[in-house]
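Going line by line, the protein sequences match chains A and B.
Okay, so the first sequence: first residue is 1 according to our numbering, each after it adds one.
Okay, so the second sequence: first residue is 346 according to our numbering, each after it adds one.
Everything labelled a hint here was simulated from the structure, so no lab data went into it.
Just so it is clear, the structure is predicted and the values come from calculations on it, not from any experiment.
Misleading hints may appear alongside valid ones.
Claimed, not checked - Which bits of chain B does chain A cover? Going by a derived footprint, with three or more residues having C-beta under 8 Å, they are:
hint, region
1, 374-387
2, 390-404
3, 450-458
For glycine and all other residues, C-beta sits at the position ideal for the given N, C-alpha and C.
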Amino acid sequence: MSSQKPISTMNDYSLNEYQALSKSAAILNFANSGILKFYGNDSLDLLNRLSTNNLDDLQVNQGVKTVITSNKGKFLDILKVFRFEDSLVVFTSLNNEINVMKHIDFFTFSEDVVVEKVTEKKCLYKISGPRSNDLINKLFSKLFGAISPYNVIEASIENHKIKIIRTDFMRRLGYEIIGNIEAREVLDSKLSKIVENSAFEFANPGAIETFRILNGIPAFGKELTNKYNPLEANLINSISFNKGCYVGQEVIARLDTYNKVQNTLCSIEFQSSQNFEETPSNLYFEEKQFGVLTSISKAPKNESYVGIGYISKKSSNLFEMKNFQAELLPEHKILVSSISPIDPM
Amino acid sequence: MVSSQKQSKPLTVSISKDAVSHVKSFASDAGKPDAHIRVSVKGGGCSGLTYSLDLVDEPKLDDKVINEHGLSLFVDKKSYVFLAGTQLEYSGGLNGKGFVFNNPNAKTTCGCGTSFSV
Chain A
1 MSSQKPISTM NDYSLNEYQA LSKSAAILNF ANSGILKFYG NDSLDLLNRL
51 STNNLDDLQV NQGVKTVITS NKGKFLDILK VFRFEDSLVV FTSLNNEINV
101 MKHIDFFTFS EDVVVEKVTE KKCLYKISGP RSNDLINKLF SKLFGAISPY
151 NVIEASIENH KIKIIRTDFM RRLGYEIIGN IEAREVLDSK LSKIVENSAF
201 EFANPGAIET FRILNGIPAF GKELTNKYNP LEANLINSIS FNKGCYVGQE
251 VIARLDTYNK VQNTLCSIEF QSSQNFEETP SNLYFEEKQF GVLTSISKAP
301 KNESYVGIGY ISKKSSNLFE MKNFQAELLP EHKILVSSIS PIDPM
Chain B
346 MVSSQKQSKP LTVSISKDAV SHVKSFASDA GKPDAHIRVS VKGGGCSGLT
396 YSLDLVDEPK LDDKVINEHG LSLFVDKKSY VFLAGTQLEY SGGLNGKGFV
446 FNNPNAKTTC GCGTSFSV
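Generate the whole structure from the sequences, applying the supplied hints.
Okay, structure coming up:
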């Protein structure tokens, strides 16, 4: 599996990959997660006091998405926490394991908690698309029943123990498959054979990034940064408002209660004669800034661009407007077709 | 000449008589009439540190043991630095908050009263 820097343009080859993500199923050709393992009796309790979602009721072989925030309620990372018999397995954003470990260590005093970075000891595969079940069944030569979101089932492949977790991470049916690193060769080989003989595809970063942007999925380092809070970043489904105290809770509760969230995560469709680099760019309308563009991609088979960005709450009147001139950074004219708020993940 | 008299804070953790009677009442309700109370500080909560109270039968290794009003109060060793000088009280009545930590080390305390920072 290669790890390439994501790009946002597609060629004819990546169009097949994009279509597999939309209509069939694809295996993501890079695993964009770090993996931590937590041991000790206080692990779940500590994570519960440091993150936004309620982990108290998490059962063995279940998972939950939760956000760690600063004491000012700003986003630090979104974690997927899975509880197993002897430990917790936590997926962090890619290359952010050490920051998460430092944050947890800072708040650990007398707790019985040991955190280990295990990214290199594990193999992690991500499969997404409406036919993901067929792909999983083929991979394990077994018919699995329906798996509920964030439930884990155990399987094996040539004596390697594997965990299959449904996470629907691309707003479509989707699974993450995790095993020890020793299982990688077998899984790589089996997945390659499946792809050779079917409509399934390996999706490369170009197709994945375009699919992500067109489907309004916020990404770590782009939309998900410490400039924004989880309410702005559309992560409300990963927040419990009645779980009690955690770091950042008072700020987040106040923003929600008094409707003080300043920005809305939006999908922005526009046309432009110029090419873009994928860097945050300020958006202006009638010489007044109304938002920040955080991701840009060309729509497949289409000359228009689609972006994700934060639009100021004060400019929410623009949601009603169609086809208006705006500026992306000074003197860069674009024709905005539409701006629409993105549904929470 | 003006002399400045600094009031030194007692480097111990104490518990009020009223709080002791409520601990005993809770212990009795929990079916552990002879239980004692263990105080510790955990990471997390809205201000970064969270108080924790547990009914226990005996202290853990290295716990500091304080006897007051007929109750043994066990204080976690690592938490002691955050709790030195704290008086554990009980705030009853309709508007009461239950057990209250009057902690001179706390710079900020969150609204719910269970979390603090130093």
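Evaluation of the provided hints:
Three residues within the 8 Å Cβ limit are the bar, and the region 374-387 of chain B against chain A gives 3, so the coverage statement holds. Here the region 390-404 of chain B counts 6 residues with a CB under 8 Å from a CB of chain A, which clears the bar of 3, and the coverage holds. Coverage of a stretch by a chain is defined here by at least three residues with a beta carbon nearer than 8 Å to that chain's beta carbons; for the region 450-458 of chain B and chain A the count is 3, and the condition holds.
Violation of the numbered hints given earlier is absent; every hint is satisfied by the structure.
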